[in-house]
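Undergrad: Throw the hints in and build the complete structure from the sequences for me.
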Amino acid sequence: MNTSLFIASSGVRAYQGKLDTIANNISNVELTGFKRREAVFSENLTVSMQNQAEQQKEMGRLSPLGIRTTFGARIAATPLDETQGAPKQTDQPFDFMVEGNGFFRVQRTTGTTTEILYTRGGAFQQSPVGGGRFQLVNAHGDVLLDQNQNPIEWSTDNGFVVATDGTVTGTNQQIGLVDFSNPQLLKDDGGVYRLTGGAVTAVNANYQIKQGFLESSNVDLNQEMTDMIKAQRGYQANARALSYADQMMGIANGIMRT
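Residues 944 to 1201, numbered by the numbering used here, are exactly what the sequence shown covers, in order.
I should point out that these hints are in silico values taken from the structure, not numbers from a laboratory. The reader is advised that the hints may include incorrect statements.
[As the list claims (entries may be wrong)] SDA-like mimics (lysine to any residue), calculated; alpha carbons at most 25 Å apart, straight line:
#1 1173 / 1155
#2 1130 / 1145
#3 1153 / 1044
#4 1130 / 985
#5 1173 / 953
#6 1130 / 1143
#7 1153 / 1134
#8 1031 / 967
#9 1173 / 1163
#10 1153 / 1069
#11 1130 / 1018
#12 1153 / 1023
#13 1130 / 1042
#14 1130 / 1058
#15 1130 / 950
#16 1031 / 1133
#17 1031 / 953
#18 1173 / 1187
#19 1153 / 1107
#20 1130 / 1027
#21 1031 / 985
#22 1153 / 1187
#23 1153 / 1186
#24 1031 / 959
#25 1153 / 1077
#26 1130 / 1159
#27 1153 / 1057
#28 1130 / 1142
#29 1130 / 1033
#30 1130 / 949
#31 1130 / 946
TA: Listed below in C-alpha coordinates is the structure:
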(Lines of atoms letter the chains of each structure in order from A and count residues from 1; the text may use other names and numbers.)
(Lines give C-alpha, C1' and ligand atoms only; values in the text may rest on other atoms or scores of the structure.)
Protein backbone atom coordinates (compact mmCIF):
# COMPACT_ATOMS: atom_id res chain seq x y z
CA MET A 1 0.00 0.00 0.00
CA ASN A 2 2.84 2.38 0.81
CA THR A 3 4.31 1.62 -2.61
CA SER A 4 1.13 2.92 -4.27
CA LEU A 5 1.44 6.15 -2.30
CA PHE A 6 5.12 6.53 -3.23
CA ILE A 7 4.44 5.93 -6.93
CA ALA A 8 1.49 8.32 -7.12
CA SER A 9 3.22 11.08 -5.14
CA SER A 10 6.35 10.84 -7.28
CA GLY A 11 4.15 11.14 -10.37
CA VAL A 12 2.54 14.28 -8.97
CA ARG A 13 5.98 15.81 -8.30
CA ALA A 14 7.29 14.85 -11.73
CA TYR A 15 4.34 16.33 -13.60
CA GLN A 16 4.48 19.47 -11.46
CA GLY A 17 8.10 19.89 -12.53
CA LYS A 18 7.11 19.40 -16.18
CA LEU A 19 4.36 22.01 -15.84
CA ASP A 20 6.86 24.44 -14.29
CA THR A 21 9.26 23.88 -17.21
CA ILE A 22 6.50 24.46 -19.78
CA ALA A 23 5.33 27.59 -17.95
CA ASN A 24 8.88 28.98 -18.06
CA ASN A 25 9.07 28.31 -21.80
CA ILE A 26 5.77 30.07 -22.43
CA SER A 27 6.69 33.08 -20.29
CA ASN A 28 9.84 33.59 -22.39
CA VAL A 29 8.27 33.11 -25.82
CA GLU A 30 9.07 36.73 -26.77
CA LEU A 31 12.56 36.84 -25.22
CA THR A 32 15.25 37.33 -27.86
CA GLY A 33 17.51 34.29 -28.24
CA PHE A 34 15.71 32.24 -25.57
CA LYS A 35 16.18 28.47 -25.76
CA ARG A 36 13.39 26.27 -24.47
CA ARG A 37 13.92 23.33 -22.13
CA GLU A 38 12.27 19.92 -22.10
CA ALA A 39 11.56 17.96 -18.91
CA VAL A 40 12.80 14.37 -19.26
CA PHE A 41 11.36 11.71 -16.97
CA SER A 42 13.34 8.84 -15.49
CA GLU A 43 12.23 5.75 -13.59
CA ASN A 44 12.96 5.71 -9.87
CA LEU A 45 14.76 2.83 -8.14
CA THR A 46 13.64 -0.60 -9.36
CA VAL A 47 13.45 -3.46 -6.85
CA SER A 48 12.69 -7.17 -7.08
CA MET A 49 9.81 -8.50 -5.01
CA GLN A 50 10.23 -12.08 -3.83
CA ASN A 51 7.46 -14.53 -2.96
CA GLN A 52 6.24 -14.60 0.61
CA ALA A 53 8.02 -17.08 2.83
CA GLU A 54 4.96 -19.23 3.58
CA GLN A 55 3.43 -19.56 0.14
CA GLN A 56 0.72 -22.02 1.13
CA LYS A 57 -1.01 -19.50 3.43
CA GLU A 58 -1.79 -16.86 0.79
CA MET A 59 -1.78 -18.66 -2.54
CA GLY A 60 -4.28 -16.25 -4.09
CA ARG A 61 -2.12 -13.21 -3.40
CA LEU A 62 1.28 -14.38 -4.59
CA SER A 63 3.25 -12.29 -7.08
CA PRO A 64 5.39 -14.06 -9.70
CA LEU A 65 8.88 -14.85 -8.45
CA GLY A 66 11.28 -11.96 -9.00
CA ILE A 67 8.66 -9.53 -10.30
CA ARG A 68 10.14 -6.06 -10.62
CA THR A 69 8.44 -2.89 -9.49
CA THR A 70 9.49 0.74 -9.31
CA PHE A 71 8.81 3.64 -7.03
CA GLY A 72 7.44 5.95 -9.71
CA ALA A 73 9.16 8.56 -11.83
CA ARG A 74 11.17 11.73 -11.46
CA ILE A 75 12.54 14.48 -13.68
CA ALA A 76 16.04 13.32 -14.61
CA ALA A 77 17.02 16.42 -16.59
CA THR A 78 15.74 19.51 -18.35
CA PRO A 79 17.98 19.62 -21.43
CA LEU A 80 18.43 22.81 -23.42
CA ASP A 81 16.91 22.73 -26.91
CA GLU A 82 19.59 24.32 -29.10
CA THR A 83 17.40 24.55 -32.20
CA GLN A 84 17.94 27.80 -34.09
CA GLY A 85 15.23 30.42 -33.57
CA ALA A 86 13.69 32.27 -36.51
CA PRO A 87 15.52 35.41 -37.72
CA LYS A 88 13.85 38.77 -37.16
CA GLN A 89 15.12 41.69 -39.24
CA THR A 90 15.44 44.98 -37.34
CA ASP A 91 18.00 46.90 -39.45
CA GLN A 92 19.42 48.27 -36.19
CA PRO A 93 23.25 48.49 -36.27
CA PHE A 94 23.63 47.17 -32.71
CA ASP A 95 21.41 44.10 -33.16
CA PHE A 96 23.18 40.82 -33.92
CA MET A 97 22.14 37.26 -34.59
CA VAL A 98 24.35 34.17 -34.46
CA GLU A 99 23.53 31.86 -37.34
CA GLY A 100 24.82 28.47 -36.22
CA ASN A 101 26.34 27.42 -32.91
CA GLY A 102 27.88 29.81 -30.41
CA PHE A 103 27.04 32.28 -27.67
CA PHE A 104 27.95 35.92 -27.17
CA ARG A 105 30.23 36.50 -24.20
CA VAL A 106 29.28 39.42 -21.93
CA GLN A 107 30.67 40.85 -18.70
CA ARG A 108 28.49 41.81 -15.76
CA THR A 109 29.86 44.13 -13.08
CA THR A 110 28.24 44.19 -9.63
CA GLY A 111 30.06 46.53 -7.28
CA THR A 112 33.68 45.39 -7.42
CA THR A 113 32.81 41.92 -8.76
CA THR A 114 32.87 41.01 -12.45
CA GLU A 115 31.34 37.90 -13.96
CA ILE A 116 31.43 36.38 -17.45
CA LEU A 117 28.01 35.34 -18.77
CA TYR A 118 26.76 33.96 -22.08
CA THR A 119 23.77 34.76 -24.24
CA ARG A 120 22.13 34.23 -27.63
CA GLY A 121 20.24 37.49 -27.25
CA GLY A 122 21.99 39.95 -29.55
CA ALA A 123 20.04 43.14 -28.76
CA PHE A 124 22.64 45.72 -27.67
CA GLN A 125 22.83 49.48 -27.39
CA GLN A 126 25.74 51.91 -27.28
CA SER A 127 26.93 53.20 -23.93
CA PRO A 128 29.42 56.12 -23.69
CA VAL A 129 32.64 55.51 -21.77
CA GLY A 130 34.23 58.94 -22.27
CA GLY A 131 36.54 60.48 -24.83
CA GLY A 132 34.01 60.03 -27.61
CA ARG A 133 34.19 56.25 -27.26
CA PHE A 134 31.39 53.73 -26.80
CA GLN A 135 30.81 50.17 -25.65
CA LEU A 136 27.89 47.83 -26.34
CA VAL A 137 25.64 46.74 -23.48
CA ASN A 138 22.49 44.63 -23.29
CA ALA A 139 19.30 45.33 -21.34
CA HIS A 140 20.99 44.14 -18.11
CA GLY A 141 23.95 46.49 -18.59
CA ASP A 142 26.26 43.57 -19.45
CA VAL A 143 29.14 44.61 -21.75
CA LEU A 144 29.75 42.72 -25.00
CA LEU A 145 33.28 41.22 -25.13
CA ASP A 146 35.67 40.51 -27.97
CA GLN A 147 37.73 37.40 -28.71
CA ASN A 148 40.21 38.34 -25.96
CA GLN A 149 37.54 39.04 -23.33
CA ASN A 150 37.95 42.81 -23.65
CA PRO A 151 34.95 45.12 -24.10
CA ILE A 152 34.08 45.94 -27.71
CA GLU A 153 34.93 49.65 -28.00
CA TRP A 154 34.91 52.16 -30.84
CA SER A 155 34.85 55.91 -31.46
CA THR A 156 32.11 58.01 -33.03
CA ASP A 157 34.50 58.83 -35.88
CA ASN A 158 34.03 55.32 -37.25
CA GLY A 159 30.80 53.84 -38.52
CA PHE A 160 29.87 50.67 -36.68
CA VAL A 161 29.94 47.81 -39.18
CA VAL A 162 30.38 44.14 -38.25
CA ALA A 163 31.47 41.50 -40.76
CA THR A 164 29.92 38.03 -40.82
CA ASP A 165 32.93 36.63 -38.91
CA GLY A 166 32.36 39.20 -36.13
CA THR A 167 35.17 41.59 -37.07
CA VAL A 168 34.36 45.19 -36.16
CA THR A 169 35.36 47.55 -38.97
CA GLY A 170 37.96 50.15 -38.00
CA THR A 171 39.16 48.20 -34.95
CA ASN A 172 41.33 45.18 -34.22
CA GLN A 173 38.47 43.53 -32.39
CA GLN A 174 36.19 40.65 -33.23
CA ILE A 175 32.97 39.78 -31.41
CA GLY A 176 33.91 36.79 -29.27
CA LEU A 177 31.73 33.71 -29.68
CA VAL A 178 32.17 30.60 -27.57
CA ASP A 179 30.64 27.15 -27.37
CA PHE A 180 30.53 24.57 -24.58
CA SER A 181 31.62 20.98 -24.07
CA ASN A 182 28.28 20.37 -22.36
CA PRO A 183 25.65 23.09 -22.98
CA GLN A 184 23.26 21.27 -20.64
CA LEU A 185 25.28 22.67 -17.71
CA LEU A 186 24.19 26.22 -18.56
CA LYS A 187 21.85 27.78 -16.02
CA ASP A 188 19.23 30.29 -17.17
CA ASP A 189 19.20 33.76 -15.68
CA GLY A 190 16.76 36.01 -17.50
CA GLY A 191 18.12 35.85 -21.04
CA VAL A 192 21.73 35.09 -20.10
CA TYR A 193 23.38 31.86 -18.96
CA ARG A 194 25.86 30.94 -16.26
CA LEU A 195 28.17 28.00 -16.80
CA THR A 196 27.86 25.67 -13.78
CA GLY A 197 30.32 23.06 -15.00
CA GLY A 198 32.06 21.74 -18.09
CA ALA A 199 34.39 23.77 -20.26
CA VAL A 200 34.21 26.68 -22.67
CA THR A 201 35.33 25.62 -26.16
CA ALA A 202 36.04 27.44 -29.40
CA VAL A 203 33.05 27.83 -31.67
CA ASN A 204 33.30 25.91 -34.95
CA ALA A 205 33.79 27.78 -38.22
CA ASN A 206 30.27 27.11 -39.46
CA TYR A 207 28.70 30.28 -38.11
CA GLN A 208 27.86 33.79 -39.20
CA ILE A 209 27.04 36.96 -37.30
CA LYS A 210 24.24 38.86 -39.01
CA GLN A 211 24.08 42.56 -38.20
CA GLY A 212 20.61 44.10 -38.14
CA PHE A 213 18.92 40.82 -37.17
CA LEU A 214 17.79 39.22 -33.92
CA GLU A 215 17.13 35.56 -33.17
CA SER A 216 13.61 34.87 -31.95
CA SER A 217 13.05 32.34 -29.17
CA ASN A 218 12.68 28.75 -30.35
CA VAL A 219 9.49 28.25 -28.30
CA ASP A 220 6.57 26.89 -30.33
CA LEU A 221 3.56 28.19 -28.41
CA ASN A 222 1.15 25.67 -29.98
CA GLN A 223 3.39 22.76 -28.97
CA GLU A 224 3.87 24.13 -25.46
CA MET A 225 0.12 24.51 -24.92
CA THR A 226 -0.43 20.94 -26.16
CA ASP A 227 2.28 19.65 -23.82
CA MET A 228 0.74 21.61 -20.95
CA ILE A 229 -2.66 19.97 -21.46
CA LYS A 230 -1.05 16.52 -21.56
CA ALA A 231 0.97 17.25 -18.41
CA GLN A 232 -2.14 18.50 -16.61
CA ARG A 233 -3.91 15.25 -17.45
CA GLY A 234 -0.97 13.27 -16.10
CA TYR A 235 -0.91 15.37 -12.95
CA GLN A 236 -4.64 14.85 -12.40
CA ALA A 237 -4.37 11.09 -12.97
CA ASN A 238 -1.59 10.75 -10.40
CA ALA A 239 -3.46 12.94 -7.92
CA ARG A 240 -6.49 10.65 -8.25
CA ALA A 241 -4.27 7.59 -7.81
CA LEU A 242 -2.86 9.16 -4.65
CA SER A 243 -6.37 9.74 -3.32
CA TYR A 244 -7.44 6.16 -4.14
CA ALA A 245 -4.34 4.72 -2.44
CA ASP A 246 -5.16 6.77 0.66
CA GLN A 247 -8.75 5.50 0.65
CA MET A 248 -7.59 1.89 0.26
CA MET A 249 -5.21 2.30 3.19
CA GLY A 250 -8.08 3.67 5.27
CA ILE A 251 -10.26 0.67 4.37
CA ALA A 252 -7.45 -1.77 5.20
CA ASN A 253 -6.89 -0.10 8.57
CA GLY A 254 -10.62 -0.27 9.26
CA ILE A 255 -10.70 -4.00 8.49
CA MET A 256 -7.78 -4.63 10.84
CA ARG A 257 -9.58 -2.86 13.69
CA THR A 258 -12.78 -4.91 13.31
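Undergrad: For this structure, which hints from the list above don't hold up?
TA: 1, 15, 17, 21, 22, 23, 24, 27, 29, 30 and 31
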